[in-house]
Amino acid sequence: MENITKIKSLFANSWVQGAIPTGLLVLLIVIVELASPGFLTGETLALLLSNTAVLFILATGVTFVILIGGIDLSIQAVASLASVILAQLLPSMGFAAFPVAILSGLGFGLLSGIVHVRLRVPSFVATLATGGVVAGIALWIANGRAITIEEAGRVNTIWINETVVGVPVVVLLAIAVGLISFLILRYTRFGRYSFAVGAGESAAYAAGINVDRTKVIAFAISGTLAAIAGVILASRLSSGSPSLANQLLLPAIAAVIVGGTAITGGLGGVGRTAVGALIISIVRIGMTFVGVNIFAENVIFGAVLIGAVAITIDRSKIAIIK
Amino acid sequence: MLAAKGISKSFIAGTYALNNVDIEIRPNEVVGLIGENGAGKSTLMRVLSGTHRPDSGTLTLDGQPLRLRNSSAAAANGIGMVFQEQSLLLNLTVAENIYLGQEQQFTRFGIVNWRAMHEASRRQLAKIGVDIDVTARTSELTFAARQMVELAKALTLEESVDRPLVILLDEPTSVLSASDIDVLFARVRSLKSRASFVFVSHRLDEVLRISDRVYTMKDGKVVAEHEAAKVTGPELHEIMVGRGLHTEYYKEAQQIAPQSEVMVEAKDLGISGFFHNVDFSIRAGEVVGIAGVVGSGREELTRAVGGFLPHTQGTLKIAGETVRLTSPGQAVRKSVGYIPRERRVEGLVMFLSIAENITLADLSHVMRRGAIDYGKERRVATDWIKRLRIKAPGPDTACRKLSGGNQQKVVLARWMTAGSRILILDHPTRGLDVGAKEEVYEFIRQLSGQGIAILLLSDTLEETIGLSHTVLVMRDGEITARFDAAAGKKPDQVELVAAMV
Numbered sequence: 001m002e003n004i005t006k007i008k009s010l011f012a013n014s015w016v017q018g019a020i021p022t023g024l025l026v027l028l029i030v031i032v033e034l035a036s037p038g039f040l041t042g043e044t045l046a047l048l049l050s051n052t053a054v055l056f057i058l059a060t061g062v063t064f065v066i067l068i069g070g071i072d073l074s075i076q077a078v079a080s081l082a083s084v085i086l087a088q089l090l091p092s093m094g095f096a097a098f099p100v101a102i103l104s105g106l107g108f109g110l111l112s113g114i115v116h117v118r119l120r121v122p123s124f125v126a127t128l129a130t131g132g133v134v135a136g137i138a139l140w141i142a143n144g145r146a147i148t149i150e151e152a153g154r155v156n157t158i159w160i161n162e163t164v165v166g167v168p169v170v171v172l173l174a175i176a177v178g179l180i181s182f183l184i185l186r187y188t189r190f191g192r193y194s195f196a197v198g199a200g201e202s203a204a205y206a207a208g209i210n211v212d213r214t215k216v217i218a219f220a221i222s223g224t225l226a227a228i229a230g231v232i233l234a235s236r237l238s239s240g241s242p243s244l245a246n247q248l249l250l251p252a253i254a255a256v257i258v259g260g261t262a263i264t265g266g267l268g269g270v271g272r273t274a275v276g277a278l279i280i281s282i283v284r285i286g287m288t289f290v291g292v293n294i295f296a297e298n299v300i301f302g303a304v305l306i307g308a309v310a311i312t313i314d315r316s317k318i319a320i321i322k
Numbered sequence: 001m002l003a004a005k006g007i008s009k010s011f012i013a014g015t016y017a018l019n020n021v022d023i024e025i026r027p028n029e030v031v032g033l034i035g036e037n038g039a040g041k042s043t044l045m046r047v048l049s050g051t052h053r054p055d056s057g058t059l060t061l062d063g064q065p066l067r068l069r070n071s072s073a074a075a076a077n078g079i080g081m082v083f084q085e086q087s088l089l090l091n092l093t094v095a096e097n098i099y100l101g102q103e104q105q106f107t108r109f110g111i112v113n114w115r116a117m118h119e120a121s122r123r124q125l126a127k128i129g130v131d132i133d134v135t136a137r138t139s140e141l142t143f144a145a146r147q148m149v150e151l152a153k154a155l156t157l158e159e160s161v162d163r164p165l166v167i168l169l170d171e172p173t174s175v176l177s178a179s180d181i182d183v184l185f186a187r188v189r190s191l192k193s194r195a196s197f198v199f200v201s202h203r204l205d206e207v208l209r210i211s212d213r214v215y216t217m218k219d220g221k222v223v224a225e226h227e228a229a230k231v232t233g234p235e236l237h238e239i240m241v242g243r244g245l246h247t248e249y250y251k252e253a254q255q256i257a258p259q260s261e262v263m264v265e266a267k268d269l270g271i272s273g274f275f276h277n278v279d280f281s282i283r284a285g286e287v288v289g290i291a292g293v294v295g296s297g298r299e300e301l302t303r304a305v306g307g308f309l310p311h312t313q314g315t316l317k318i319a320g321e322t323v324r325l326t327s328p329g330q331a332v333r334k335s336v337g338y339i340p341r342e343r344r345v346e347g348l349v350m351f352l353s354i355a356e357n358i359t360l361a362d363l364s365h366v367m368r369r370g371a372i373d374y375g376k377e378r379r380v381a382t383d384w385i386k387r388l389r390i391k392a393p394g395p396d397t398a399c400r401k402l403s404g405g406n407q408q409k410v411v412l413a414r415w416m417t418a419g420s421r422i423l424i425l426d427h428p429t430r431g432l433d434v435g436a437k438e439e440v441y442e443f444i445r446q447l448s449g450q451g452i453a454i455l456l457l458s459d460t461l462e463e464t465i466g467l468s469h470t471v472l473v474m475r476d477g478e479i480t481a482r483f484d485a486a487a488g489k490k491p492d493q494v495e496l497v498a499a500m501v
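Protein chains in written order, with this note's numbering: chain A, 1 to 322; chain X, 1 to 501.
Worth flagging that the hints you see were computed from the coordinates, not collected in a lab. Honestly, I wouldn't trust all of these hints.
Unchecked claim - Here are some, though not all, of the chain A residues that point toward chain X, as calculated from beta-carbon distances under 8 Å: (1) Asn51; (2) Phe190; (3) Arg192; (4) Ala196; (5) Gly200; (6) Ser202; (7) Ala206; (8) Ala207; (9) Ile209; (10) Gly269; (11) Gly271.
As the list claims (entries may be wrong) - Ranges of calculated distance between the beta carbons of each label pair, as one might list FRET restraints: (12) X:Arg389 / A:Val30: 45 to 51 Å; (13) A:Leu179 / X:Asn277: 57 to 63 Å; (14) A:Arg189 / X:Gln313: 34 to 40 Å; (15) A:Arg118 / X:Ala224: 53 to 59 Å; (16) A:Thr41 / X:Asp396: 36 to 42 Å; (17) A:Val292 / X:Ala136: 55 to 61 Å; (18) A:Leu27 / X:Trp114: 28 to 34 Å; (19) X:Asp396 / A:Val292: 42 to 48 Å; (20) A:Phe39 / X:Ala73: 54 to 60 Å; (21) A:Leu119 / X:Ala186: 25 to 31 Å.
Even glycine gets a Cβ: it sits at the ideal position worked out from N, Cα and C.
Use the sequences and the hints to build the structure in full.
Structure, rendered in structure tokens:
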């Protein structure tokens, strides 16, 4: 019994230290390569990475919030709203529709953050509520329907579907988002404060850190990145819809946790989220291979998320889970 | 009656929390268990109460071997524990707390017969002769009254166990006032005819007053056993800490007179409900100690200076500037550093490294062109590790892996890095072993010598008097006395106590 506990704790430790997710990713790649040699080259690889890009950007945003010890459940609604705003405004505003759509994400991210810290509402309730508000606004603006981006608007979205020396632009965007996020977390005061707040909020507060500001910034980043993911998705599909990103919340959070960022905060990072997002994408492909019904996808992701959290939580540090 | 033989318990490979411990609890006696923090008292109590299982050694009850799988197994054998940190649920009533987990005896068809439970609770409280409303919410009770409820709860075992009880009291007096302690002791004495007690404390005088026999623990071992009547406090102290009490312990020879610059000045300072009309000042290089019991307002006063609780009356000046601190961040910017008693919660971010904790309050020293310079941060931390003799493999070691004394040094290094000129030391030696305490005393002298103004709250009067230049005594939210405590002219503890209660 004691040995099992030890093995389990060793496993949990190496998971949150990032070793196991990377190993898992390599294993999955090997399996895919064996099952279908040459699958991970050229066009299919480009497609896999493009599909991962949106998920990764969404997951990167929520990584900031999970690192400070919170959660953001509003990201899929924020992404959908951004897609609707983009589709609605492209014909009249042209390229300026992009910043407007992205700023909507920043705005609602700030709102979630402020509600959370000022009114002292737990983040899952605050973002569940703002997510509901945002989803309602998106439905209202779009009149409940998907808005197709017509020929006139597509002039401004076509660039997202291009490739640069064989690399899809969406992948480059994801890499840029990932790199900037990595630098922010590693080299700025905000980044350091995020880890401190997530790992020990009282101690961070006592050390003079502005905990509230750190939290609000994290939610603002999450909202902004969700909106960026939304506009990319809309551009790729040439359509904005109030339900466009509806199936993405669960895989995004699963990607963060599977990648090795602790759900309890203070431990993890963007690199791990990249690994997690790739794992989720490959699992998704694998399911298609094996012939799992596409509608059953989230059944698997839900199970994966529960498994990853259950394995990685170190119960000696948290006595009671509410 | 209850005996432990050869008990060993190790949490970290190579170090023993308990090392081959033998103790024996006889019928109708009070056994005192003393030792410094970390000596193994609490671990031994947990072994006796079934929460920890020993690695080796045996427990026997009336000569029969006893294996305790958990605390309910201990309860079934008549061993009850009154916890140091009270285990009562404040949102429940007194009666609900006393019979928490034992409701089945009042239950029929899933419905609890409250009247029967209240009646039974009254009987339990009557046993220890206290008059507490069993239907009151526990949160409305004073701390001392809660302790009595806790004791009554432990005594409910009498109903289910057909043998004399063993009640373990883990530091029950640490937050009680002197008169409440008298009441508790009177109850314990009157209950001796039906139960044995183990009384854990680090206050020697109390242990000697209540106990029949005293075991002294040090470094996980029982090092002495005495009849309480045949030993004195100073003798026990010498065994416990391994040295006699003398002024050198507090480095009194290094105490020098403070400078003239006033760093902190409070006038008519108050927070409604906690303290009022408080006047005091701290000069550069001065250590001002505040003595007082729980509820005297001294905790809140220090929290106010640290920015945790903004004051509502009077004025507070820091380095000559009138301020109202509404967050620790503001206090930090006014060069106030706070070393909290809850080191693991408020002192350090335990999962971050030594280096990250040292620079947490002020990253500006290690920023280069807007980015954290990791090389420089490590050098700063390595430098502090050397200067403060922090025992750690390196600056990247997570703080949770350090011992209490070394953690305290990291907190200190943080405030020195941030350039704090005023330090609030809130029980700086709590939970530290003797050697680590002595190092902290040494640092306090050095800091004071460098002109740092220090506000000190401490666990013992001895420490407060020994370290301070000036001692303020607080009672019921007011300063009731001031004592000059210059080197060689230290006030007597008795004088302070008179002003405290």
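Going through the hints against the structure:
no.: 1; hint: Asn51; in the structure: violated, 33 Å
no.: 2; hint: Phe190; in the structure: violated, 11 Å
no.: 3; hint: Arg192; in the structure: holds, 6 Å
no.: 4; hint: Ala196; in the structure: holds, 5 Å
no.: 5; hint: Gly200; in the structure: holds, 4 Å
no.: 6; hint: Ser202; in the structure: holds, 5 Å
no.: 7; hint: Ala206; in the structure: holds, 4 Å
no.: 8; hint: Ala207; in the structure: holds, 4 Å
no.: 9; hint: Ile209; in the structure: holds, 7 Å
no.: 10; hint: Gly269; in the structure: violated, 14 Å
no.: 11; hint: Gly271; in the structure: violated, 16 Å
no.: 12; hint: X:Arg389 / A:Val30: 45 to 51 Å; in the structure: holds, 50 Å
no.: 13; hint: A:Leu179 / X:Asn277: 57 to 63 Å; in the structure: holds, 58 Å
no.: 14; hint: A:Arg189 / X:Gln313: 34 to 40 Å; in the structure: holds, 35 Å
no.: 15; hint: A:Arg118 / X:Ala224: 53 to 59 Å; in the structure: holds, 58 Å
no.: 16; hint: A:Thr41 / X:Asp396: 36 to 42 Å; in the structure: holds, 40 Å
no.: 17; hint: A:Val292 / X:Ala136: 55 to 61 Å; in the structure: holds, 59 Å
no.: 18; hint: A:Leu27 / X:Trp114: 28 to 34 Å; in the structure: violated, 59 Å
no.: 19; hint: X:Asp396 / A:Val292: 42 to 48 Å; in the structure: holds, 44 Å
no.: 20; hint: A:Phe39 / X:Ala73: 54 to 60 Å; in the structure: holds, 58 Å
no.: 21; hint: A:Leu119 / X:Ala186: 25 to 31 Å; in the structure: violated, 50 Å
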